Each structure stands twice: as C-alpha cells, then as structure tokens.
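Asker: Since each chain comes alone in its own frame, lean on the hints to assemble the complex.
From first to last, the protein sequence lines are chains A and B.
Note that the first sequence covers residues 1 to 576 in the numbering used here.
Note that the second sequence covers residues 1001 to 1406 in the numbering used here.
For the record, the hints were derived by calculation from the structure and aren't laboratory data.
Watch out, some of these pointers could steer you wrong.
Which bits of chain B does chain A cover? Going by a derived footprint, with three or more residues having C-beta under 8 Å, they are [said to hold, decoys possible]:
#1 1089 to 1096
#2 1137 to 1148
#3 1188 to 1201
The structure displayed is predicted, hence computed values, not measured ones.
Backbone N, C-alpha and C fix where the C-beta goes; we use that ideal spot for every residue, glycine too.
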Amino acid sequence: MKQFAVVSRTWTKRVSGSICGLMLAACTGSVANVGSLDGNQAGSSENPSVGSDSSDNKGVPGTGGGLGGTKQALCTTPEVAAAPMRRLTHREYGNAVRDLLGATANVPAFATDTQSDLFDTMADQHVSSLLADEYLEAAADLGEGISDVNALVGCAPAASSEACTRDFIARFGRRAYRRPLTSDEQARLSALYDSTRSASDAATGVRAVVIAVLASPHFLFRPEWGAGKSAIAGALNASPYELAARLSFLLWSSIPDETLLEAAKAGKLSTKAELTAQATRMLDDDRARNANYHFYEQWFGISLLQTAAKDASVYPSFNDGLRSSMLEETRRFVDHVVWDEDAKLATMLTASYSFVNKSLGLLYGVPAPSNDQTYVQTELNPDERSGVLTQASVLAAYAGSNESSPVKRGKWVRTRMLCQDLPAPPANVPALPEIEAGVSTRERFAQHTASPACASCHKLIDGLGFGLEHYDGIGSFRTKDQGKPVDASGALVNTDVDGTYVGGPELANVLANSDQVRDCAVTQWFRYSQGRREQSADACSLQALKKSFAANDGDLRQLLLDLVTSDSFTNYRAPG
Amino acid sequence: MLPGGRARAATAPTRFVVMHVPEGMWTQAQKPTPGSTNLGTLFAPLQSYQSKMNVLMNLDIKSRDKGPGGDGHHRGVVHMLTGTEQKDESNAGGASIDQKIASKIGAGLPFASLQFAVRIIYADTNARPIWSGPGKVMPAMQSPFDAYSRIFAAVPAPSTPTAPKFDLRRSALDYALAETAALRGRLGTTDRDMLDTYQESLRDIERRLGGLSTEMTVGCSKPTLGASIDVKAEPNYPTIGRLQMDMLVASLQCGLTRVASLQWGNSNDQCTYSWLGVNTLGHDMSHNNNNCDADGSKKAKVFNWYAQQTKYLLDKLSAIPEGDGTMLDNTVVLWASEFSDSMSHSCNKLMWTMFGNAGGYFKTGRVIDCGGRSVNDLHTSLQNAFGIADTTFGNPAYCGGALPLT
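The following block holds chain B by itself, in its conformation from the complex (with noise of 0.2 Å):
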C-alpha cells in the first residue's frame, strides 16, 4: 500500500505545504461517505490522487472556544494550526504546525518558510493563520510579482554563476546588526523577544547575501510571471493564485525553502467568485442555507473550485521528478479550513486532507474517521514525521498522541 515504500525515504528532502481555503471545504452532500467507496464530489477533480491521500475526517479544533479571544470566526483561524489558547485578544498563543516544522528542517536555507496568500483584503485575526511564535503573526506575501524578486534574486541565472551585488545593502545590513545586537543589551525580556524576530530575519538575510549554493539551485528554474496584474482585483484571484502556486513550487524545487503556506483570501470571505457566476461574498454565503447546502449550491461550486486549484499544485509537485518517484511523494500537502461544513461556522467535525507521505513516512490511501480527536494530534503526526519527536504539539491538554497514520 506505501507509494514508494519507506525505504525510499533518506536521499530527497521532505517538505511541508498548508493549502488554507476560507469558510470551509465542503458542503454535506459533497463529502466522502465512510464505510464505502463513494468519495463524493468534493474529491473528483482529485481522483488520480486518491493513492496518495488520507482524507481526515471529524477532527476537533478543540483549543477554539478557550481562552481570551474575539469572536469564533477569527478564533478558528488563529487556533487550527496553533492548538492551543490564544495570548490575547488578538494573537495566537503558540507557533503553528508549519512554523515548528521549519524551526526543525528550515536551518541553514535560505528561507525558514514562505507565507504565499491571494487577496487579503483586511488584516484582523481572521487573516492570520500562520504564528512563528506566541504573539508573532507570519504575514504572507500577496503579490506574486514582490515574491519573485525577493525569493529569485540570489538565484542566479544559467548566463551569470555569480549571486548579483549587494553593496549599500549589505553594509547597510551589518550596521543594522551591530545596532541590534547592543539595543538587545538594553532591553528586557518583553522588549527584546520583539527585537530578536527582527535580528533573526537579518540573519537570514545575511545568510542569502552570502550567495546561495550550487546545491540548492540546481535543476531549479526561475518561474515566469508575464505582466504585472492588480492582485487586489477580484477578477485576478483566480491568476493570482496559480502564480502564488508557481511561485512556491519554484522556492520548493530550487531548494530555497523546505515549508510553505498559501493563504486563499481572507478566512471572512471576501470574494464573490465571480468568475464562477456565483457573485455572492463567500462570508454571506456560509450564512444562508440555500447557498450551502446542496450539492450544485453556489458553496459547492466554490469548494470544488479550490479542489481543482488543490489539483493544479500537486501536478506542479507530481511534475517533478525525485529519486524514484516525484516531489510530492516526499512532501506533505495539507488542505484545510478552519470550518468543517460552512454554514455552521464549526470549528469540530472538520474534514481535512493530506496529500503526499513525507518520504514514506505516512500510509496514504485512506478515508480515516477520526472520532473527534483534536487537530493536535494531526499536528503531532506531523511534526513527527518531520523529524520533531515531541509526543504533543500545542496545549498538551488537547492532545491524545499522534494519529495513526504510519
């Protein structure tokens, strides 16, 4: 049953990719039917993948309704990959799942991770699931044409073997960090755990002015990204997309990055789909029940929408060839939303899946009830599979240890 097998697992890295979709991902009628082999609709535009997939259904974000926070909506985005309380009204209690895996398999390269989002168009907690740490919100980038020149720039291209210079920059850059290595002195715990964020990046960059490696950056090829477009214009969303999609399969295959995340518009829904005839904000939509329900409603059409975007980034990976298999065999693609179904805005009984083993790592082939466990435990299965031994991940009070998945 294991795609490829584990032995296959030690020569190509593993990666990790959040595919985050708004207000839910399936309606009723779309979803799979447990105890038999009808996969419903949801997953048709996803049935070569069905080898390489577990669906996870009814796992609980059971941190969601705990501690201070604002209203439901924005708690489940801030909760899903965190696990745990949030600090404050506003921030997320810990680092979410992605952000723990690049701590572990990020060292050394060039980018930790990668926040890659469309159309964000209001920046509260509902659009902010990605958390480096208690209070430290990861911001995506929105313009897929500002990523290319931060993430591409040290690549160098096949006519040039030397990284471009960076004169004013890099002198700017170690003033910056002498500066900031004596303010850290003067500061106390509260101060200097802000300052040390900045310190950090600077690091990083410090490491990309230096020149990236041949290593990293062979068999990679730049993406292209034609004309600049508008990326805040909703008729875009759907391009947008694809070139964030190109984007981060780029940094992923020029060895620029090992995890990433992409953000599909804000968790409040502010997209009317117009290109799919459904011209209704998503956030509208999931309160009214006719818009939701049916299979063919204009929810359902949203969803399998995103479904075929899914698609559109594991033939990017499955294109990709690794060892004996592809990229995606030994990444781990996990589609979710902070909602199970839309309509009731429940953050339990959600409904996520993951493509892709980690190297061999994981069994895949599954529709798996997961009888209420916590979103914790997937999140331990998964920092597990990347190398993380910890048998919790986030408030240990929702876990229950790692799922069984292997």
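This is chain A alone, in the form it adopts within the complex (with noise of 0.2 Å):
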C-alpha cells in the first residue's frame, strides 16, 4: 500500500491587501475594477456611487441623473449601435412553429434559454451543440407530426414539381424566413420535395421540405442587412421585412403574419404612421398579450417563485397552489393595468387592487371567492399593499426559504427599478448568524450597515429592503418578527428621490414619482427590444424615448408605439 503523504508546501508568496480596504472599496469608484487584490482600486472613496445603466465605459445618458459617478452622453448627433444577428429564444420558436404548423403542433423544450440582464431576448444566445441536436429533433419530429399534410398544404400535392408544392413552398418559406424565399432557396427546397416524393411519396416530400426550413439558419437566426442609406451617418434604412420581423418579434414574440408581410411586400413599413398604424393592429391582437407579459415576468424577475422552496415547518401554508396563485395573480394584474386600465407605471407601483382567489384571499386577509379557479380583482388594505412591488409574487421569489430577506429585496429594487448594478461583494464577507427566536431579520440584517467593511454596499441595498420587512418570506402582511415590532423605516440613497420613509406602499409611492425609476422602464424595454445594453450611440434613441415616455406620463402601452418607430428600430447597422 502506498502511504499518502501529506506535504505543506508554499510556491509563492504574496502579501495580500487589507480585507478591510478591500471590501471599503467595493462600493465606490468605477465598476468595473472593483476589489482588485492588488490593491490598485479606483474611485474615491469620498463619492460612493452605484454603477450606471450601462456597460459601456465611453459613457451614456444614464437613468441615475446626478448620481455621483454616473457618465452622462448626451445626444448631439443622431447615431444607432451596431445590430448583432440574434437568435430566436425558445418562446419565439414555439410561437413561430404554432403560427406555421397550428396550434397543436408539439413544441419540445430546449435546453434553457439564458437570461443576460434578465431577458432572454439577449443576442448572445447561440446555437451550443446540445441545443443544434435539439433542434434537428425537433424539426423531424414536427414535420414527422403533421396530421393533416393536405390542409397545411391547401392542396393535394401529387405530380413533381406542379403548382400545388410550389405555392406552398414559397408561401410557406415566406412565412418561416420573414421574407420570399431567393430562386436558389426555392430551387433547393423543391429539389428536395422532388427527391423525397419519388423515394417515399408526396406527404412525405412536403414533412422533408418543413424539416428542411425548420434546420434553417435563415429561420433559426434573424440576419439583417439593411436597405438603403439612411438619414443617420454610418447607418442603413431596416428593409421592410426585417421591420415586418422587429415588429413581430417584439409585439408578438413570434413571425410576422400574412398581413404585416403583404404591408413589407407593398412597402408599407416606411413611415412612422405606417409603422405605428401595424403595431397598433398588432396590440390588438391576443398574441401582444402573452409576449407583452414575458416582458414583465423577467423585468419583475418572478418566473424564479415557479421553483423557489419553502419551509414547510416555517410556512406551512405554502404550497404549489398558492405558488401558482401568486404567479397568476400578477399575471393578471400586468395584464389589466397594460391592457385595461390607463398603462401607466404610476398604476403598476401603485394600484390600491389586485386580483385575488381563495388562496390570495386568506394571504391578503380580504374577501374572496371559495374557490381557487374564480380571480377577482378586489381592493387590499392600502396601509398594506400598494402595486406589484408589494404583491406575494415578488416578496415570496425574494425572500429565503425560511425568512425575508432585505438583501435580495433591496437588489431588486435597486438593479431592476433604478437600473443601478451593484458591484461585486468582496471575498471573506462575514456571516449573518442564524435565525433566532425574539432576534428579527432587521436586527440580524442590521450587521451589514453597522459594519463599516459592509456599510458601503449594503446602505444602497438594505435600506430598500427593509422598508418591505412586513413582508414575510412568502409575501404575508406581518406586524411582529420573531416577537419584536417590525421595524419596516427605510432610506432611499444614491437616488433621485432621497430620503426616508415606512413600509412598502410608502416606498413603492416614492419609486412612482422617481425620474429615475420612469427613465429604468425605459432602459428595460430598449433592453429587451434591441437585445442588448444601451451604449453611447444610443443616446439620441433613448433621450427621445423618455423624454415621451415622461410626457406621456409613464405610458406603458405608448412606449411601445415610441420603441416601433424610434431611430434604433427603424435603422440597421451592421456589427463589425
């Protein structure tokens, strides 16, 4: 037997900074070369500030107006950032696939889409090489599944090469690629049909040519080219397909329909009229809702609650049917106020109302039907509950299993309504003891603001978190912690809107009248629409969006008709 030998052995030797000038530094400065080990940090320590909305150091038009250390672009010459190619993320694939094959066409899941700044709709999702396997499986066993090949055709395709296949190739490659299919393209794809058909038989020859188009880099991707010079230096007009396209994919998270491509083919895409003229059919439409809807969920960053655990022992009510109750709850609520009410912002943060079933009732200790099926929307006590910031949704996904947590609240309202991100915790942060019976949250949470190593990142996050403590870890009102009177007093720093106040609904009252906060909606949308962040050539864009986004007075639907024909949509230029 071999004897295991155990050697203490030193390479090097290095002196590491102080920990605790280390962690000083963490929360001021730039943020990008926080905590360096060698002690090389910037910034001062004098100005603590948050990063801006922006990743790029050249400096943009940040939503923390005044914020110390904010670099602040100012639109000067109209320019658009570079477009990169993107991919379409897995809820625009299923659309898509429904809009070609019908509704019951059995989309598979993919390997999970990422998340990059909350949205899936980033451009850095790529094709790994699980994800290409899935795919190819997925076309053969879509096309393999047509029930019905001769209603999907619209004829009865038989002779090689006739008329019945040739429309529907063209009409149905139109359709998957967003635009006519080139000669070659429908050359390739009726090669494909005729091969198919003369080794097996006709049904099979058009299940080929779906497969084919749906293994297609040009149905997978969205390259652009653009079309035509633009007004703006160095950029290029959108064709109106590739507009017919941006519009649906985000209006409609899928292909545009035979309507919006026939307005690209008569080239009725060109003017903002025309173009808000589309969008507003297209909000019309059910479809704006669920896509409209994945906007929000990933903003509020609720959909992490689907598999959030809980204590059973700590909250014995909570179980998957009050998960899902809370989950549909502010689903209905975004709905409502987008579609039903007047849009604002104002009215998300702020709603005195909500839409309640049996289970949401007894959480929110209101009257409510008897049965968990049946939401109605009912008034909750305003002392309590005020907008989505206080609903059991958002409380209960950032909350600890087994307690609230001012951390994770506060970084919430910190990155996703103000648009600050935090810079990186330092390495040996200290723990927080365990929960304990007449110790509350806030009492162990205070430690980070009483310890000066802490101080610095924690009074940007813990002062908006514990102003939500009457929220326990599954969103229930609570007036005691650990048998000691919440202490729900918070402070807003390094905003626009500074000061002090008490509870949920006074801060989500004080987040409604944020500039800041109206300004982050904007930056989340242009996020989410462009599927990138901001940079500088973005600046005339994104002054113009919010200037009319606060004109309108925070009008969620309106700002989609501004994103639809702002600069930024309606030109293309090509990443290097």
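Answerer: Following this line, the structure appears as structure tokens:
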C-alpha cells in the first residue's frame, strides 16, 4: 500500500491587501475595477456610487441623472448602435412553429435559454452543440407530426414540381424566413420535395421540406442587412421585411402574419404613421398580451418563484396551489393595468387593488371567491399593499426559504427598478447569525450597516429592503417578527428621490414619483427590444424615448409605439 | 508512488471530467490539515481513493474581481474554469479548461464533450461554468432521459448491427449545412462567429448520422434508466444525479466522448436537501454562520453528501478495467466549486481535488498547499496532461506556469 503523503508547501509568497480596505473599496468608484486584490482600486471613497445603467465605458445617458460617478453622454448627432444577429428565443421558436403548423404543434422543451441582463431576448443566445441536436430532433418530430399534410399545403400535392407544392414552398418559406425565398432557395426546396417524393410519397416530400426549413439558419436566426442609405450617418434603413420581423418579434414574440408581410411587400412600413398603424393593429391581437407579459415577468423576475423552495415548518400554508396563485395574480394584474387600465407605470407601482382567488384572499386577509379557479379584482388594505412591489409573487420570490430577505428585495429594487448595477461583494464576507427567537430579521441583517466594511454597499441595498420587512418569506403581512414589532423604516440613497420612508406602500409611492425609475422602465424595454445593453450611440434614441415616456406620464402602451418608431428600431447598422 | 507508473500511459484514451458543486465544498472543520496525516471529515467517504487523488489547497481565482460582470457569486462560476475577465456583464471571456481540452482530444468523436446537470432552476450567469469560447456558453442536459436519447440513439443495440436510419433528418441536415455555408459568406465577423457554432454542431451531427465505428462501441453497454421521473422535483435530485453519472460514465466507456462535466444545481444553490433533513436553501445556509461552520452543521452534511456522490462516480470509473488498471487511472476528475468556504463567498483559498492521473501523467496521493497560486496554473497543468503544450491558460497575467504535479 502506498502511503498518503501530506505535503505542506508554499510556492509563492504574496502580500495580500488589507481585507478591510478591499471591502471598503467595493462600492466606490467605477464598477469595472472593484475589489482588485493588488490594492489598485479605482475611485474615491468619498463619493460612493453605484454603476450607471450601462456597460459602455464611453458613458451613456444614465438613468440615474445626477448620481455621483454616473457618466452622461448627451445626444448630439443622431446615431444608432450596431445590431448583432439574434437567434430566436425558445419562446419565439414555439410561437413561430405554432403560427406555421397550427396551434396543436407539439413544441419540445429546449436547453434553457440564458437570461443575460434579465432577458432571454439578448443577442448573446447562440446554438450550442446540445441545442443544435435538439433543433434537428424538434424539426424532425414536428415535420413527422403534421397530422393533415393536405390541409397544411392547401391542396393535394402529387405530381413533381406542380403548382400546388411550388406555391406551398413559396408561402411556407416566406412565412418562416420572414421574407420571400430567393430563387435558389425555392429551387433547392423543390428539389428536396421531388427527391423525397420519388423515394417515398408526396406527403413525405412535404414533411421533408418542413423539417429542412425548421433546421435552416434563416429560420433559427434573424440575419439582417438593411436596405438603402439612412439619414443617420453610418447606418442603413432596416428593410421592409426586416421591419416586419422586428415588429412581430417585439410585439408578438413570433413571426409576422400575412398582413404584415404584405405590408412589407407593398412598401407600407416606411413611415412612422404606417409603423404605428401596424403596431396598433398588432397590439389588439391576443398574441401581444402573451408577448408583453413575458417582458414584465422577466423584468420583475417572478419566474424564480416557480421553483423556489419554502420551509414547510416555517410556512405551512405555502404549497404549489398558493405558488401558482401568486404567479397568476401578477399575470392578471399586469395584463389588467396594461390593456384594460391606463397602462401607466405609476398604476403598476401603486394600484390599491389586485386579483385574488381563495388562497390569496387568505394570504391578504380580504374577502375572496370560494375557490382557486376564480380571480376577482379586489381592493387590498392600502396600508399594507401597493402595486406589484408588494404582491406576494415578488415578495416570495425574493426571500429565503425560511425568512424574508432585505438583501434580495433591496437588490431587486436597486437593479430592476433603478437600473443600477451593484459591484461584486468582496471576498471573506462575514456571515449572518442564525435565525433566533426574539431577534428580528432586521436586527440580524443590521450587521451589514453596522459594520463599515459592509456598509458601503449595503446602505445601497438594505435601505430599500428593510422597508419591506412587513412581509414575511411568502409575502404575508406581519406586524411582528420573532416576537418583536416590525421596523419597516427605510432610506433611499443615491437616487433622485433620496430620503426616508416607512413600509412597502410608501416605498412604492416614492418609486412611482421617481424620474429615475421612470427612465429605468424605458431602459429595460430598450434592452429587451434591442437584445443588448444600451451604448453611447443609443444616446439620442434613448433620450427621445425617455422624454416621450415622461410626457405621456409613463404610458407603457404608448412606449411600445414609441419604441417601434425610434431611430434604433428603424435603422440598421452592421456589427463588425 | 505512481499508480501504474508512467510507462502505461500510451494505450487507453485519456479523459477529463469536471464535477461542479455549488456554494463551496467544505467547512473549516472538514478540511485536511496540511503537514499532518489528518485528511478531515470531508474525505471520509473517499478514503479508498487516497492514493489516487491530489488535494490542492489554497488556489485563487485571481481574475474574479477584474473586468466587467455582475455580483461576485456569479463571477466566480464564470471565472473558475476560464481564468480570465468576462467579455461583458453576462458572458465569459474565454473557453473553460474542459472545452480547451475537448478541442484537443475530442476531435472526430461523436461528441467533443458532454455537459450534464442536475436541476438548474434559472439560467443566468450563476449557472454557466462551461464555455466553448468568449460568449459561448455550453448549456447542460438536465434530463438523463433526454440525454439517453441524444447520446445513445446512434449506438447499435447488440442485436441490430446497423445504426437506426434518419432519412428526413439527414436531408434536413444537408439542407441546413448548405444554407449555413451560403449565409456565412454574407455576414460580418461578429455574426459569422454566432453562426459558426451552429455549423460546427451540424457537422458533429452529420458525423454521428454516418454511423459509429464498432471500435467506439466495443465493450460498451447502454445504461439503464428506469421509469421517467420529474427532473425538476427536488426529491428526485439524488436519483437524477446518479442517472446523470451513469450516462456520463457510459458515454466515456462507449468512446462517444472523452470530456464531460456534471453540474450540481445552480451555484446560487436552490436546493433545500430535504432528503438529508436539512430543509434550508443552500444559498441561505451559506449566509448563515451556524449553518456553515461546525462539523455536523447543515452545510457539513451537504458537503459530505456531495463527497459520497463523487465516490459514486469514482467507483463507476474504477469498475471499468483498462490495460492493467481502470478507467479512473486514465482520467482526471476535477472536483471543484467556485468558493472556498461557503460562508465567506470567497474565491480565494480554494481547495479543489483531482482524482486519477491521466494515464500516468500526474503523481497522486498528496495534499498540496498551492500557496495562493492561481487556478490558471492548475488549468495549465491539466492542458499539458492532455497534450496541449501552452505554458499559460486564460489570461497570462494570472499565470505562473504549471503546478509541480508531475
């Protein structure tokens, strides 16, 4: 038997910087260089600041107007930033396939899309080797799964190269690729049909065409080339078909319909009025509701709740029924505000009502239907609830399994509502004490603000999260925590609405009156729609969008119409 | 001291496996004590592998706090195997060590590498340790049932000598490859780069549809799965983990790949380990002193459980004879987490363990104090073991040469 040798060896000696200095530096200066181990931290500890809403060091219009350390790039000459090619998200793929093959098409689950900067629409989605396998399998299953080939084709395909199949290939290809097929593409697909038909039969030939189109990069990706010189230097106009696709992916999370493709063909997407008219038509379609909610669901980050675990000994009332009720409540609430109400951001943040079923009635302590299937618009106690921030979905998703979490909730407000990035926590963070009877969550978390090492960052987080301490780990309202009266006083710092407040409704109200929050909503929609972070070249587009959004009193429906007529939407600039 | 000795290296293929554990791997009380023979309680389930492992103490992820990126936890995951600054807020700036090794030893195989995972709840950067290049995350298969169809579909069953037919897939593949080649010529560099990964993956599929050589599948048995179960349900976590390890080892054994990884959960740990009676979210435990520190604490129970899972993987590899040793001897299994101790969320003073010796390349059986050397230096050693002669890995600024492990 070999002996187990224990060797203690030091190959290099290095002097590490003081831990304390390291931690103090964490929330000062530029985000890019925090916490460097060699002591070269940038920035000054006198003017702590969080990052701007951009990763572009050249500086952009920050949402944090006037925040220390936030670089501002003003709109001078109109520009647009480069638009990298995007892959369809899994949601877009599914919707597109159902639009192409019918609502019953059986779309499989793919390896999870990433969510950079909150959203699955980011242009960094690529096709890994796993996903390529899944795409080919899905295409084959979908093609083989077509139940009625003649119904899809619209006639009975039989003879080689006859009109019936030729028209189907042109129509199906145009819809899937969001533009007419080139003659080469038409010829290749016709040849595929012919060879498969002669080896098998006409229906199999059609299936082969469908499978090939669904595996094509022209379906899976969104390549763009622009068309014609734009008034903006260095840019081209997005082509009519590219605009049709941009509209449909943004507003429907799917491919254009025939009406939109016909408008592109007729050159009827070239003016703001024409774009607005199409967008208005599209927003009346049910597809817009689903697509629109997908933005809010990701902005608010509530899908985390779908799988969040809760400790049954602490929250015996929490179960999958309550979980899905919470998720459904927020979906109904957002839909209502955007489509049936005034669509104002302030309403989203301060509405006194929500949609309540039996389980939620018990949670909120309000009269409710006698079952979980029925949701009724219900006034909630205005001292306890105000808008989405105080809904159980958000509060339960941003909590621990057995306690509330001022840190998760504070970070939620800081990053999602104020669009400020937080730098990395330093190494060697001291731990919090264990949950203990008689010691409130706030008292345990107060270490962060008591210790100077932690305070530089945590005053940016905890002052937002402490204000939500009236809500436990599943979003129930409480007046006591571990037997102690809840202290829900909080403080906003490094915002345009700095000051103290008490409790969730007051925090929601302050946020609803913040220019920074209003601008942040525009920034989040901009990222979602463009599939990337904003850059300095976006300064003019963003400034115009924010100005209009402010002038419209934060109208989220109007914002969509502004987005689709913005320079960044109607122009194309090729990436390098 | 060399198990098997260097001379045996030549015949069997070498393999590399990453076993990623979320939120740290040990409590202070569980660690070995350098300079003594006390291995600590973490390694209790792994006693029988003492002579085949190196415990590497005090490695640092030196790039962690440099460059763009979100919070430190997420950065740790993205940086731990790439050893370089991120490309942007959400993406790695380079390939991870397993992928660099795969690009060397995976060429021509049905799968250059395979990624397995157990219960990834959400997919932001904290779920992304594996990258094939800057900005190119390699998502993992979360379902062993789907993994089975993907990996073993082309492996002939003993009774049927030919691979199954894929007619319509085949013609669609040819069409997609032709379209991809044509489209590629019309794109700029950035977009072309995005398309290239699809093209490469299509070519991999093309090779697999061409049928596997019998050489690949000799001595290979398809794993057995049992009835399908919900891969997202927490109580199934241990079962899914074992099935994924069965898939992983069978893919190595069948010669379908030489590089694989297994990722246990989100690194922002969303598991409550109910079957251990822990019932607290892994991430919440990390932020709580009493859950972490002591032996017998909740975290210690979790870490010990992961040590047992590592043992399961090693037992499987050791049960497959190769040459005058076992598959484990020709493999390196890197057992790693983004944190050192969980509570501090520190990416310094890591303790990672490697098992196996890559066909006699590494000397094993040691606890080594790396004295704050960079993980990049370990990755340099690993790439050298698999025939990549580069003297640095990741960002050279964090490199001091290979670790003296040979």
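Asker: Against each hint, give a clear statement of whether it holds in the structure.
Answerer: Hints and how they fare:
1. 1089 to 1096: holds (count 3)
2. 1137 to 1148: holds (count 6)
3. 1188 to 1201: holds (count 10)
The structure meets every hint from the earlier list without exception.
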